[in-house]
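Next come the chains, spelled out residue by residue.
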Amino acid sequence: MIPGEFDYHSPRTLQEAVGLLQQHGDGAKIVAGGQSLIPAMRFRLALPEVLIDINTIDGLEYIREDDGHLMIGALTRESDLEESALVQQKYHLLADAARVIADPVVRNRATVGGNLAHADPANDHPAVMLAYNAELIALGPHGTRAIPIDDFFVDLFENALADNEILTEIRIPTPGPGSGGAYYKVERKVGDYAISATAVQLTMNGNTCTAARIGLTNVSAVPMRATGAEQALIGKPITNEVLEAAGQAAATECDPSPDLRGSVAYKRDLTRVVTKRAIRQAVERAQGG
Amino acid sequence: MSIGISPYRVDASGKVTGAALFPGDLTRPQLLHAKVLFSNQPHARMVRMDTRAAEAVPGVIAIFTAADVPVNEYGLTMFDQPVLVGVNANGRSPVPSDVSRWEGDQVAIIVAETEAAAAAARERINIEWEQLPLLPDIDTAVRDEILLHPEHPAQSNRYHHYKIRKGDMAAGWAAADVIVEGEYHLPNQEHAYLQPEAALSYVDEQGRVTVEIAGQWTHEDQAQIAHALDLPPEQVRVIYPAIGGAFGGREDMSLQIVMALATWKLHQRGEMRPIRCIWSREESIIGHHKRHRARAKTRWGATKEGKITAVEAEVYMDAGAYNYTTNKVMGNFHLTVGGPYEIPNAHIDSYAVYTNSVPGGAFRGFGAPQGCFVAESQMNKLAEALGMNPVALRLKNCYRENSIGITQTPLPAGVSLPQVIEACAAKAGWQVAGGKWQVAGEESPNLAVSSPPISQSPISNLQSPFQSLPPNPATLRFGRGFACAYKNIGYSFGFPERCEATIELYGAGSVERVVLKHSAAEVGQGTHTALRQMAATAVGVPLEIVELVMSDTAVTGDSGSVSASRMTWMAGNAIQLAAAAAKQEWTDEDRPAIGHARFTPPATEPLNPETGHSTPNFAYGYVAECVDLAVDIETGHIHLLRVVCADDVGKAINPRLIEGQVEGGVVQALGYAVTEELVVRDGRVLNPRFSTYLIPGVRDIPDAVESVILEIPDPRGPWGVRGMAEMPFIPLAPAIAAALHDATGVWFNEIPLTPGKVAAKLRDA
Ligand SMILES: Cc1cc2nc3c(=O)[nH]c(=O)nc-3n(C[C@H](O)[C@H](O)[C@H](O)COP(=O)(O)OP(=O)(O)OC[C@H]3O[C@@H](n4cnc5c(N)ncnc54)[C@H](O)[C@@H]3O)c2cc1C
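Line by line, the protein sequences give chains A and B. With my numbering applied, the first sequence covers 623 to 911. With my numbering applied, the second sequence covers -5 to 759.
If you are wondering where the hints come from, they were derived from the structure by calculation, not from laboratory data. It is possible that some hints are incorrect.
To be verified - Here are the simulated lysine-lysine pairs, DSSO-like style, with alpha carbons at most 30 Å apart:
hint, chain 1, residue 1, chain 2, residue 2
1, B, Lys375, B, Lys751
2, A, Lys811, B, Lys755
3, B, Lys421, B, Lys298
4, A, Lys811, B, Lys9
5, B, Lys577, B, Lys645
6, B, Lys157, B, Lys375
7, B, Lys751, A, Lys811
8, B, Lys291, B, Lys751
9, B, Lys390, B, Lys291
Said to hold, decoys possible - A short list of chain B residues far from chain A (calculated; beta carbon distances all over 12 Å):
hint, residue
10, Asp552
11, Asp582
12, Pro600
13, Glu628
14, Val668
15, Ser685
16, Tyr687
17, Leu688
18, Ile689
19, Glu700
20, Glu705
21, Thr738
22, Val740
Ideal placement from N, C-alpha and C gives every residue a C-beta, glycine not left out.
With the rest of the complex left out, here is chain B (with noise of 0.2 Å):
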């Protein structure tokens, strides 16, 4: 068997040496340059664009706008954004190109014999707008004083509207004896990739427009990029080299379409030269979409006994210009606002809202994070007003094996939540005692009292937990918090969900080679490793004579997108498909024996509109978080000593793959909770670099991590494999809040905790 150990990842070496080859690395003889020209207007009309003194400048080979696009539009879920904004320029798509929404909307492509040339010639393009009344946040877009979409059937900036209706509001309430209330925000966040948006586009040898380029889906890429050219797909190709980080910024488009449309124009013309195109840090941060930014009004109540009465919520979104991925990341915000809990009684509202700010979209944890932020917060405010350990209330209320979801289903099968939760308080330190979560000779059910001492060493030995600030101790103070998560694996809501393989085996009288080829995108996570390790075991082969094709739209099937935790249980259904037929295949005897497969998971069911009623996933992921921080109460400085993720991820394909993804996650979840913070004012972001934007760096990060690596199976996953990517980041923004409460009495319903916010409040508390 080849799963269930670590060996080193496919493109280690590689990446160590730096023979990867990343998009900007790629070049071709007679290489072109190119650079894109954002509108930097976060709410505007074109009234003219002038290009003539941009192409007088020397080396200049053509420059591309919106009246080159066939068929103006994208977007993945619905196409509302215009490819390149400009005059007249609609080509056959309904949606009014002449309006820049946010300062990220394209206007040109220009491409030059240098970048010096190209980035000359962007400087002089002429352009007069019309400056349209902004609509900087939810608040001004909710009057609906000016529709940013009117070409939209809502007629309204409030465009999307999601519901849950479920039991007796009244009832619940009436059997409440306890109630908390909250309102909470939620910041955006960039997803902060090493390696910024880049492209080389060509045509290739069979005459396909063929774009190289780092990304999530390639098979989206293409189906994106061929409606926008109004080309049939197979006569566009894309190729993914090494990619640089995703969590979700690549799902949508950046330079995919442009570049296909510049190689593609100058083709017509017998202009074959290749074309590169490398964004800078902050061409990236201004041009690709962030987490939402929303916020969300919500009451819980509950009984004595702390049994969960009645949840009611109303969520805001902010979507930013374009729709992106938003309603999708609704829906999973709304159907996690009430946490993983058996709910009787909820109401819940969600709205996603059109603005003039950068576009909210797919980001590692895709609205759950939102969702546990609110839920988690409840739950601990709730543990605290009845007296009762977080984990003790926690397992109370928890879905368990056919509990009844928030949208009235059962959940699939599978449920492990409560052995999660379990196995994460025990790692934390807590005991079971006389049918109670308690430290063992402790009585109080009070949180502070009763969770487990915070471990002596890693304060002592380091002094001090602040790097620069040793604290005055009088100021420092120590807390613990709990929280855990549910999420999604795999496409929601009907969304069509498929995973293609192919495996070929290779030899005389017995398998000497086997190929796997797939689209699964490689974007640091590690899949190609596991999918090798899957695909050896699937066929009952060495690892070592498995070879993998990957991701190129000529040569590789459909595989989904790498995002919602979903490739290694899609892709390992898939493989085991494709290993079965491929094994028939040299049973008759056929050399290479190709099997092929495309693995469909069970239906899922959008929301019905009025009571949110539906099945609207096959698989989740259950995570719980516990963490034990330090703050300076003087100063608002938070640092976390230790953090226990425990993660249920059903099988682990490659055990050490999994602990690099819930250290990856639980540190980038981190910055979202503490350090980051984007600053987006009048539609404009203001810190699009790293010196401002703050992301936690090596001494930031916590003192300790510990993975606790559950493996229950999942009844439909290969091998019992569930997705876990997404988890770790879940549950840590309100394990944090939760910590700092516990230190300080104070709630804060507001992240990132940055030492400024939190010593304000610290002192006005």
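One chain only, chain A, in its complex shape (with noise of 0.2 Å):
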């Protein structure tokens, strides 16, 4: 199929940008790397109007620490954080999560910002800034404001950005001592997206987990939390008994529907495996393993 027409703007600024959107209203739509929109487009499931390219804004494209946080612009390309040695060193979920976004040549062009804006919950960033309880900054007419991820994800394919509001910047408290995480993902082949993954990031004091997040991906229609599962780490010291409780909440809470990735039945159940899995992983990193 070939999209419908529309009209094309490259803005130089972030401030152009955030005019044309408010100018368009609701036709316009941000193209970032265009992987997740453009598909949409040919398939005419998305008819924008006006597309707003943002890949000509300087100063959007950075992943660096600051201010006990990790803070990455909603432009940077999944390749760059793939690379990054400051992910690579201390934000093990996030760069777990890095090397199984689609393909490498996907990867070179799509964006961290246009993964989350998105709000698809096939993706793998969701359930990540999920387990990291991300903060995502907007710039709008009015200025930036900072939206906690947990507030993040309305609906499919919906966000609470507003219409004339940009994306700009995703930040990730730090972790701090003893704390750990992973993301494990299951796909029926490399560079697909996932039947089920989960996304975790605890601290633990000797065995015990004291605090614990969970992100799932592509077992329900909005990017969800498993917090029965993560209720089930909370408290407690990581036995099997315990990590199979969680993935079993974690099974349990999840909302899959069946399709060409498998049953209702598998999805859950690799949900319980997939979320042990990285349970236990998340358990040796922040154990220093």
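Combine the two chains into a complex, taking the hints into account.
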């Protein structure tokens, strides 16, 4: 299929881009890496009248640590994330995820901001950022605001940004001592979206889990946290039984739909498996393993 | 000698630099554009079609429908498909043209100034359909509540039946100490070639309607076009530019006839502009046939010493809406479902069934992968039941020189299967000790114990064989599986087999330049390179002075198709004859000296309808494979660690190209066995794109594929050559199933082995 017709703008500054958004209202769409939007346009699932290409705006691609946070510019490519020494050293959950998003060709274009803004439960970053308790920075006509990740995903393909807001930065709290994270994903083949995946970020005191956040990928209509699985961990020493209880909890609270990737029963069971494995790996990392 | 070496492919630089032009790259001044309208109706009768609104779209030149086709039928082995579905438009064909029997039936071709105009017009063709009862699968179709092809003499949707009746079944069962049974299900497979269908057509300077397209047999394309357009073949010209893969998927017609039709009709109206059409990936997957889905029920008996005593099998193949090459593909399934083994007593029935599903047709292996999956799974189950080593069991039963085949006639001379099995087993780590196949120092006859340890290296240095999901070490299992196969080379069952070649020698005192004219389609397998090497060797000149003129029916002779692993074998024989003739002319002082030859191999026979008695083939290839894999029993993921493929190629004309065929064949078969699942529901393909139909990517492929190239001459092959390109595909799926059983203790009788299915079955086991 051929996409419908649209106008195209390539602003030089964020202000210009916000101005364009204001001017064109909800007929306008931002294009970043284009790896989700262009396919959607091709199938005419998205029919924007105006495309605002933010690739021409300087200063939106960075990964740096500041003020107890990892700051990621919204236009940062997945491949930069994957190659970042800082990410590899200190943000294991993020490093795990960056390796398994799509394939290298897609990762060269796709952006972290686009991955989140698309609000697709099949994407990997939503679960990761839920587990990290990240904060998203949005710029609109009246300046910037910070949106907690728990409030960001509103519905399938719907986020909390206003029509005239641009996502500019993602802030991840730097993990403190005794914390560890991991992302485990099962795909049908390398480069595919997840059948199911789990993101875990937790803190250990000895063998006891003192804090945990868990995000699930592609097993619900809206990116979700597995709060039941979190509760199964927090305050407990990590044993095989606790791991199994957390896995079971995630399997119960997720809400997958049957499709070419598998039946509901299979997806639930995989969620149990990946959740257990992600927790075990996160615990090992937290304990310096 | 220019054979036995691996010079660069003749097409390498063009394909690397982009200079090579594939059909979609071709253009001519004043180009027009075409779109094809599919019926999108798995089973419906056309009541009315109105093209007026479409014709009114600005830029539309013409719309051609069934009424424009002089003889509205085509088919490679029987004419059972309308070129275009339409009302009152059979032309001179007995095939009812007003019924769409699958969603990919073509209805119209629209020619316009631009692609966009053609596409817009296509959406404005109004058709009224009357829905007919749907026959989505074999089970529904065999009830014969409605006939898909009432014109077919069989008067049944189960329109084709082959038998084998050999020996005395009662005696066979009586002699059996063990019996193993199985019901197997085999899926469709999409060819997934890189280049979707495309064509450029025009009338050439000599008034021939000309189609430049990617196909597998120029002269068959020419014949099919000529038949439907009711033209003499000389009036039709087919040229193959660079072809982006084929694998059997280009044996049948896609754009050939409709593009020729549009060009010819426009020409008659005085419109001389060339036309091009390029299919999208979705159109390609909807619009061409697939590997047949099939099922088989079978029962094998053997003595406790491991001699097979009886084989019984019942095979059903889903032909889809039209025969395409189903009768031939099923013949191969029929010949291979008992494996490459000496079987004293056999009772086999194979049925082809018309349904409203996508047609089944040619695809690398041509029925043998299905037959081999059944036969080799049975063989591995026998090995388990007998407590015998699977290699030893095969050697005890396999075809060897002078064996009588399943069709009760001797196999063609040069049966090398025992050597192939031994070479594969040895490379994979088995040894013979005390006359037994086993690992040195171990006496156990059990497969799991007596197969050599899976090499630790690929596992340990990978840390995890799974890219994204490092396994829980406790849920990882390792296994090894073995399978072997045979497959015919060249056309079978009496189908006329031939191959032409022309060699021209230029020069005065000595030969300065050699031209080989040939129609072999270069589909990526490297045939042009191999043919050039053989021509240089046959004439006795350096490779550098041999030029190729290829694949143009106006100047090159009929070579037959690139299929059935036949081209090197057939063309090599033809080239040898043509070179001898040219050298004779050279001696007679003709300049240029031109030698033309038409090679025909020994005749073959159709199967006897009651017993299957026949000499079905004139040559075979032999192959064996051993697979090492890891499986995560919680997630159901499989990863191949190592594949050893031993293939007797007779003579390796170009060893590097052969390794390419082995590696490509193994990866394609991995897709068939594990990742690829064509979802066809109610006659519709639901995943016609590569984001949902999953072919293996670079990280899914085996960690190692080791080719063992044997050169045991085929006595009739040129320089001893055997065909080989299909062989590496054939035994992989059953070898994987055997390895999975070795790892888990569970037999899988169905592919693809997608994670969900594997995990579910392991959980239930
Ligand atoms: C073959 C393939 C496989 C893939 N596999 C995976 C996978 O396994 N896992 C995975 O996570 N993803 C996968 N993806 C998706 C890929 O990661 C996408 O690129 C990503 O989801 C979107 O990022 P983008 O920069 O391309 O966004 P775009 O496609 O440019 O935009 C996506 C949406 O976000 C909006 N948007 C983008 N940037 C901003 C911004 N700064 N502010 C406000 N709105 C914005 C756009 O308007 C649009 O609605 C795959 C994509 C392809 C093509």
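Do the hints match the structure? See the list:
1. Lys375/B x Lys751/B: Judged against 30 Å, a Cα distance of about 21 Å means the pair holds.
2. Lys811/A x Lys755/B: At roughly 20 Å apart (the allowed maximum being 30 Å), Lys755/B and Lys811/A satisfy the hint.
3. Lys421/B x Lys298/B: holds (28 Å)
4. Lys811/A x Lys9/B: holds (28 Å)
5. Lys577/B x Lys645/B: holds (24 Å)
6. Lys157/B x Lys375/B: Roughly 25 Å between the alpha carbons, so the hint for Lys157/B and Lys375/B holds.
7. Lys751/B x Lys811/A: OK: Lys751/B and Lys811/A at ~14 Å, within 30 Å.
8. Lys291/B x Lys751/B: holds (21 Å)
9. Lys390/B x Lys291/B: holds (24 Å)
10. Asp552: Asp552/B clear of chain A: closest Cβ-Cβ about 40 Å, beyond 12 Å.
11. Asp582: Holds, since 60 Å exceeds 12 Å.
12. Pro600: It holds; Pro600/B is separated from chain A by about 41 Å at its closest Cβ, greater than 12 Å.
13. Glu628: violated (5 Å)
14. Val668: violated (9 Å)
15. Ser685: Ser685/B not clear of chain A: closest Cβ-Cβ about 8 Å, inside 12 Å.
16. Tyr687: Answer for Tyr687/B: violated, closest chain A Cβ roughly 9 Å.
17. Leu688: violated (5 Å)
18. Ile689: About 8 Å separates Ile689/B from the closest Cβ of chain A, which leaves it inside 12 Å; violated.
19. Glu700: About 22 Å separates Glu700/B from the closest Cβ of chain A, which puts it past 12 Å; holds.
20. Glu705: Consistent with the label, Glu705/B stays out of reach of chain A, its closest Cβ about 36 Å off (over 12 Å).
21. Thr738: holds (16 Å)
22. Val740: Label holds. Min Cβ-Cβ 17 Å, cutoff 12 Å.
The earlier numbered hints that this structure contradicts are 13, 14, 15, 16, 17, 18.
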